[in-house]
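Build out the structure end to end from the sequences listed, making use of the hints.
Residue numbers (our numbering), protein chains in the order written: chain A, 1 to 345; chain W, 1 to 345; chain C, 1 to 345; chain L, 1 to 345.
Hints were generated in silico from the structure; no laboratory data involved. Idealized CB from N, CA, C, for every residue including glycine.
PhoX-like, lysine-lysine: derived pairs with alpha carbons at most 25 Å apart: (1) W:Lys342 with C:Lys342; (2) A:Lys124 with A:Lys323; (3) A:Lys144 with A:Lys107; (4) A:Lys259 with L:Lys217; (5) A:Lys215 with L:Lys259; (6) W:Lys217 with C:Lys259; (7) W:Lys60 with A:Lys60; (8) L:Lys144 with A:Lys265; (9) L:Lys177 with L:Lys217; (10) A:Lys265 with W:Lys265; (11) W:Lys259 with C:Lys217; (12) A:Lys107 with A:Lys44; (13) A:Lys312 with A:Lys107; (14) L:Lys342 with A:Lys342; (15) W:Lys118 with W:Lys177; (16) C:Lys98 with C:Lys312; (17) W:Lys44 with A:Lys60.
Derived list of chain A stretches under chain L, where covered just means 3 residues or more per stretch with a C-beta under 8 Å from a C-beta of chain L: (18) 157-165; (19) 205-211; (20) 226-232; (21) 253-265; (22) 335-342.
Okay, here's what each chain looks like letter by letter:
4 protein chains.
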Amino acid sequence: MLYSKNNRTLGVKVAINFALIGSGRIGKLHAENLMHHVPNAYLKAIYDPNLDEEWASSLKVDLLTKNLDEILNNQNIDAVIISAPSSMHIELIEIFAKAKKHIFCEKPIGFEPHKIRKVTNITKNENLIFQVGFNRRYDANFIKIKKAVSEKIIGDAQIIRITDRDPEAPSLEYVAKSGGIFMDFSIHDFDMARFVSSSEAVEIYCAGNTLIEPKLKEYNDIDTAISTLKMSNGALCVIDNSRQAVYGYDQRLEVFGSKGSIEAKNNTQTNTVLRNESGFHSEKPYYFFLERYKDAYIKEIYEFAKCIVHNKQPCAGGEDAAKAVCIAQAAKQSLLENKPIKIVY
Amino acid sequence: MLYSKNNRTLGVKVAINFALIGSGRIGKLHAENLMHHVPNAYLKAIYDPNLDEEWASSLKVDLLTKNLDEILNNQNIDAVIISAPSSMHIELIEIFAKAKKHIFCEKPIGFEPHKIRKVTNITKNENLIFQVGFNRRYDANFIKIKKAVSEKIIGDAQIIRITDRDPEAPSLEYVAKSGGIFMDFSIHDFDMARFVSSSEAVEIYCAGNTLIEPKLKEYNDIDTAISTLKMSNGALCVIDNSRQAVYGYDQRLEVFGSKGSIEAKNNTQTNTVLRNESGFHSEKPYYFFLERYKDAYIKEIYEFAKCIVHNKQPCAGGEDAAKAVCIAQAAKQSLLENKPIKIVY
Amino acid sequence: MLYSKNNRTLGVKVAINFALIGSGRIGKLHAENLMHHVPNAYLKAIYDPNLDEEWASSLKVDLLTKNLDEILNNQNIDAVIISAPSSMHIELIEIFAKAKKHIFCEKPIGFEPHKIRKVTNITKNENLIFQVGFNRRYDANFIKIKKAVSEKIIGDAQIIRITDRDPEAPSLEYVAKSGGIFMDFSIHDFDMARFVSSSEAVEIYCAGNTLIEPKLKEYNDIDTAISTLKMSNGALCVIDNSRQAVYGYDQRLEVFGSKGSIEAKNNTQTNTVLRNESGFHSEKPYYFFLERYKDAYIKEIYEFAKCIVHNKQPCAGGEDAAKAVCIAQAAKQSLLENKPIKIVY
Amino acid sequence: MLYSKNNRTLGVKVAINFALIGSGRIGKLHAENLMHHVPNAYLKAIYDPNLDEEWASSLKVDLLTKNLDEILNNQNIDAVIISAPSSMHIELIEIFAKAKKHIFCEKPIGFEPHKIRKVTNITKNENLIFQVGFNRRYDANFIKIKKAVSEKIIGDAQIIRITDRDPEAPSLEYVAKSGGIFMDFSIHDFDMARFVSSSEAVEIYCAGNTLIEPKLKEYNDIDTAISTLKMSNGALCVIDNSRQAVYGYDQRLEVFGSKGSIEAKNNTQTNTVLRNESGFHSEKPYYFFLERYKDAYIKEIYEFAKCIVHNKQPCAGGEDAAKAVCIAQAAKQSLLENKPIKIVY
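Now the structure itself:
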């Protein structure tokens, strides 16, 4: 169930004041979720060099600024939500950590594990809460599966099977800067494999092809991939990725174990089925990731606030971001060399 | 998809100021949905003789009062949401209509059609928007079905099949004042039959029994009922009701027609399935109506605001409330006399 | 699972010799099922005034005859399968019972309960096995439901919900001689209500209309019906019938009780689902009743042989046929008089 | 739909006389399917050194023999069904081919491609029909998927995803002689990948582990495997295998393409769902492969007879058997060397 701003508290009645750093599509979403779904959370400031004035004014936020220092030096701001361009994430984390603000940062933090770890360490040294936007960790389906695995309801996990397919291939412009399918897209699945199994990936083999957009070859990228991971607990994980599933955003996960299996099917807008001469017809999955993970986006910000109040680190932290990048790096190498690669963390 | 307070408008940028009349469980829900999901809507006042102070103060509403006149005479209030005890609904509608406030009133409006029509007429004469809280008319599943029926996707509707079962029988205290199963519970289904078929019920036959709580007999009430309605377009409608489905709140609807059928299955919290030695196990429907119809409650308040802005009557009006009561009256009579009864509107 | 002629026995190794009386579509089916699926069963004779010679010769049956006496007087024949025209059933049962042959008779036995009971009694007096072709009682889905009800897995049955819809309306010629929708079509559902609940129907109310073929009015018949039955154990049963479901033969059954419900969905030819831009598409139910109940037809003949070997009456006997007719008669009267009718057995 | 011995012909009315070579579990099944489901097919002889006399006598077959020559020299025998021990298959095919009998041979033909090809060539030179018992090629689900792929209903195939899990791990005695998981178990999936895609596997990578039975290590075998195949048409295929799925025999297949995907779910004994306080419960897949592929076993023998009548090679021939073995050999090598292996045919 979703979170209600008013009839629940975070357990302790402490007001938390937030600033939003970057108000693009995801930034706006985080701001609104914070305002409407997190008890005792107040959005006090927005930093954005290209602010959407109309949107911002509707929020009645005290401080709208193009000067980062106004937020860094604002003693009233407890925490920041960083949804600026990815290339700025590392630097922003560092300066906000030094300014002693709790930090929620959209993924990707960065593409180099040592840099992610460096800024993560600064947040630790400052005793700050640091959360990374791995939104899928807050999805009800996947949480239920993680719980079933942890509680050994399916016994010992043996096979993890992830299907992750986008509804539409990104533009070549996007691809050029994306870091490639593993860093940009499969990284969610690499994180999910770790999350759901509470285990580490030790080796990866990737097979791939350009079946949707042949021009991807010019970018040394692919659009269709099968990745096999050997996990430290002995389980095998297999991920199938496609950049274009014409029927929508396909998000399935199965964990198979010694006492059974648990699988998440796709979510749909309604549960109706039409029956006619040509068959039985039910709905496609949500097409858009913001719709599919709408509740997960609310829940991750809610959890961030809760972690601040209770001084607890969130389940998606800097080290998780670093490790996912390590796996993605090994994935790229595996594809290049066409052999399984040991993952170095 | 849910409604976002900030990134959508109602088409015209006009602020609407609301007052909440009665802040029990449903009143609180409406207030929060209004605040967090309806653009340009402002909750300016709450009237409640027994106000939950803590909750109310968290809302930062300008006016909290135990004096109805303060709201009636407040020129700033455009619209009221009436969620006071049912017995006061008729009277409250009348005085707020005379005070020229747009009105959203929780159901039931009343148990006497002529009284419902009298106050409905007052709202009409004052050119006010008047909406009744038939929340199910705003559910995505049922809207999709109504649309399929209206657009003749299933051809001409021939059979309407409604399953409506509560998870838990109400207390005998509740039952004593409820007006009986038809007026209190099946009335939603009577309305749904009209809504989904865009047709009127002309005759009803009800069979019933006390299979869950034998003491209901003392109240001349039943807990299990099958109602058959003949609709004005020739279709037949059948409703099965139970006061206690141990597996949850069972809300299914099928419309069968000359070119096919469309059916809504239950909604569940996750789409996971557990497979083990004892079978394949998936989730129960939502247990609680507030969870099941969470989005519908948001949508109905959103639509109320939209109707005010666009000066359009909502799809659930006073006449719908009156007609549903007429059907429920005939249902009671049918059960009593054990014969089909022509419905008098 | 289906029955294998060779790797199973009926428990006792006794050869049983059968004669087939009438070899139309269903007669042929019974003959082949007997030959290929029932251990120790031998088809020794076929009586048919209009025999399909080519088909019959392929069976290598000893005796093909147009003279009924040759079968009546044949001491080698233990049992007969009557699949002659319905109008001859009563007479044929009587003479074969007097000739001391065990009898399987296709439904309908007849349309007059006293005649059905008269011939049933003759079979009893002769200590013969007498089975009626209520094929649905041998369907795996419905057997599983009956078992769940009997074993109180769903607690006490409260609501029985039957959906029975034919894929295609019969010709007016057929309708004219059919006895009407209740006697010809719904009679299966009346029997199913009794079978699955192990309870008797005490009262029935039927609402109906001609929504598919208006000319049915000339035959005092309908094509769409909702029947509500009050059962002797207090449960309510509702049946929705249509003569034409364009998506196929719709055969669903739900029994809802104090501890849960159990429902049978339709069977399909494959379990594939196609996903594309227009949605998720799965298969329609079987279109043809012989396909849908293929296994049930095998099982009923298998059970008939087993009953003979073990000298046990089958679960579908003459009294079941008589009672289903009594319900159908009451249904006709209810429709005519538009009121609930007590069922007289 | 199943095949009926009597009301269908194979298109041409020619009696075909069969001999059964080996009458273990599968041999018996083929014999009975032939007798009861294949028109104009006659089982005339059985060869088995350890004949089950009771079973055989029930079949009323003319010739029961322990002398192979009696069958080889019998001019009346058109075709043989070889279901002798696997180690004898190659030799038996050779001598029956030289005796000019059409041959259906159970899998595995052998573990060495060149030997399979040698005997296949003999059958070709003699203009004989030669079919291999890849039963899954005759399953309705998988045929429907192959058809959808061939007809480009899902566009160009991009990802093939096979789940094949046995309900119970085999005994170590069995494993010792099995040839290992790839040769004994996954070989069905390797064949399915080729069948469903009408494309060749060019490279394979296998990851595996012993998660169910650690003693398998002593046999250089595994019980859990993920295989990734690159197909000649560019598609990627991934197979997940487990020797023990406690919930039953898990047989799923999905082909994903440029215009959608098609997936086969498991088959179950009934389509019932039980709803109670602990959730919604539906049936497990069939547990036993003979139940799951019951219809496929009938169909493959039916097709064999049809191919003989129409002088057409079946869809599962010797070269298919050889190629599946080539893939299995590469799979073993991949596991051993932990790298992708080019498949040599």
